[in-house]
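Chain order of the listed sequences is A and B.
Numbering-wise (this note's numbering), the first sequence opens with residue 1 and increments by one.
Numbering-wise (this note's numbering), the second sequence opens with residue 1 and increments by one.
For the record, the hints were derived by calculation from the structure and aren't laboratory data.
Using N, Cα and C, we set each Cβ at its ideal position, and we do this for glycine too.
Honestly, I wouldn't trust all of these hints.
Quick list of in silico lysine to aspartate or glutamate cross-link-like pairs, EDC-like style, CA-CA up to 16 Å [said to hold, decoys possible]:
(1) K249(B) - D187(A)
(2) K289(A) - E125(A)
(3) K289(A) - E471(B)
(4) K155(B) - D134(B)
(5) K355(B) - E296(B)
(6) K155(B) - E351(B)
Computed footprint of chain A on chain B, listed as stretches where at least three residues anywhere in the stretch have a Cβ under 8 Å from a Cβ of chain A [as the list claims (entries may be wrong)]:
(7) 138-148
(8) 379-391
So you can see what is in the structure, the chains are spelled out below.
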Amino acid sequence: MSALTITDPVLHDFAEDVGVEGPVSIAGGRTRWSVGGAVDDSARLLAAPSGIVAYAASEMTVQVRAGTTTAELAEELTRHGQRTALPERGGTVGGAVAVGENPVDLMARGRLRDAVLQVRYVSAEGELVTGGGPVVKNVTGYNLPKLMTGSLGTLGLLVEFVLRTNPVPAASLWLAAEGSDPLAAFDAIYRPAGVLWDGATTWVHLEGHGPDLEHEAAVLHDLSGFVEVEGAPALPPHRWSIPASEASTVPAGAGASVMAIGSGLAWGEHPQPGRPIEPGVAALSARVKHNFDPSGRLNPGRTVGH
Amino acid sequence: MSMRGQPTVTRRGHEATDGPTLEPMGIFDRLSRRGATVEPLVADLREALSDERVRVDGAQRALMAKDASVFGGGVAGPTCFPVSTAEVQAIMRVATRHDSAVVPRGAGTGLAGGAIPLGAPIVVSTGKMNRILDVDEANRVAWVEPGVINLDLSKHLQSRGFHFAPDPSSQAVCTLGGNVANNSGGPHCLAYGVTDAHILAVEVVLPDGEVVMLGGLDPEPAGYDLRGAFVGGEGTLGIATRIAVRLTKNPPAVRTLLLSFGEVRDAAETVSAIIAAGIVPAALEVMDQRITVAVENFVGAGYPTDAAAVLLAEIEGLEAGVDIDAAAIERIGRANGATEVRRAGSDHERELLWKGRKTAFGAIAQLAPDYYLHDTVVPRAALADVLEEVYEIADRHDVVVMNVFHAGDGNLHPLLLFDAREEGTLERVHAAGAEILRASLAAGGVLSGEHGVGVEKQRFMDELFSDADLEHQNRLRRSFDPVCRANPGKVLPMGHSCADIQALRAVPAEVWG
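The shape of chain A in the complex, shown without the other chains:
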């Protein structure tokens, strides 16, 4: 029996519920339900299994079922001084991975796609499939976890993950300054946890050891008068993804917005317009979809990339 043999009866029961035919989808917390468009009314809605299966802080991995809330997982990890690359704005682990939604402070926590070490899903044929592996480093075979992260459940219904965790740094500090150049602040700091800018105010999030943060806070104060603030600004409702090189200008059509300097995540008052996929990539994507879900029964109506 290999490390990947699936013995969990909960997953087998779920695979049986998915069955072998008929349109089907998973509803989690509906926090990100509209991403990729509405699921056809014809689809049966299932609830993914939930619960933390295994967690060993010294391995820096946690095995968690898709229906677990991000809040429950965060609470358990925090108890052991750790966290993961999931966004913490509600909903389920499965929903966040299906969307491929990065945390606001991805420069500190890492990208979600890099944290998904192993994925388990139910295929269009109703079979349980494992991709990747349960350890922090692995290049055995093709990278199904990457393909599944952000796939909106259109290639397989996501049921369980092994995620990489990381220690929470010893200290954390938020600073802000009005009218400063966000790029200058970004460049002045070795590895900021986050730099946010709303067109007028720059917020810098520092994490690490206390004495280093004091030093960097002093550097930012001298640079353009940064002072300590309570935390992050409120973020507008619509998430945008823009090239990092464009994050120091307010995106056209976003309305009131906040940009993450360095990463290119942004939050706008209005949704981001559709981002066209070039024809060659669209054709390749269509082959992927066809090979994984020939009858189109998985999350019908949803399309990846908008």
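We have chain A already, so just place chain B on it with the hints.
Chain B alone, transformed into the frame defined by chain A:
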């Protein structure tokens, strides 16, 4: 000798003529001697590139038939040296017209046989696509061609305060295209992640000749993460022609510690304890006594040769934090039985310590004519037990084993030393290797942490993955390459379409034998 297309094991460093499948160069020797180009495939390739950049002579084909692995049995067709995406595309179209397979090749430093040509494919060398196209410091991204050497990029970035984080032991010669194909690691991947965490976008010539840009410079590019699927594809999904790599800021402060232990187990337990204490060093490397002695004789780095194991720990960051973490690591090490803790007192001393680690595989050349470097990953908690098993397995098969590994990642690299001229040695080495793999799997580990599957571990894939798992990997593969044109015979075990010898039908044996 084995069936054509099936890899065989040969002794490292043998002259090409020792490989039984390489002797009859046949038509291409005659062609190159006469300078004629009557063979239609070669004529079309030369038409697409130039006469000089399509080589079919015996020496070239012998060179391309091997890589840095212990595997032989490769048979190369013509080698092409394209200089542009358009030329790679032209090669792929010629290959399609002639129904020939194509194998991309960087520096050939792979250890799993991923670059070994099976079925006499066209070999596409990226050697002449070695330009750094653009460095955008402000946005921490550089565009490079696939033939750029890993260390050359970091050297190029050094004065600007940046580097490319993945640093495989072969970084002085291996290429970024090869790093992308293998999703390469290296000692400093513990904190920074392996290659795919540092690749933003890849321009790829697909096996049907279509050119696509996968990924993008924004954090969540629209569509499936085909960039992520491509990285680590071992050349079976197409050929990367331009790569956008993420730049990592050079750390303001570095501390390098060398901890000595009386037991290998103590070193392994120290590693787990460091991680459990919430410290993620930039690197955590362990060397056992045998390799430490060999390295010390080779480079004189000042390693303690009387310790059962040494742990090389490196912390990067800001001045205060690196001292806090270094002190904690020293404390944890002593609590777990460290007999000596040394801090590198200067850049020179630090470089010397790393030189020892990075030249470990060169150092063993003084001990035995051949070596086989394994690569598996186990959970950190299982490191000490699996290491003990590795020593027992080697003893049982009468093979000398040394261990030098990325302990922080649980990434073992047992090094089996042998002399292939001794009757029956190779069989013992392979039997020991197979047992080491199985011990790693039994401990909850995987087959490879950074070398890949290539031809080396195909036959073990079904011991890790179920039939359904492998079928789904095959679906990914076929989405990129429905006709198994790119690097056939690799990764997936026999019985899955693109791995099957049936797929290597393209060129008649009598032409390329």
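Violated hints, by number in ascending order, as checked against the structure:
none
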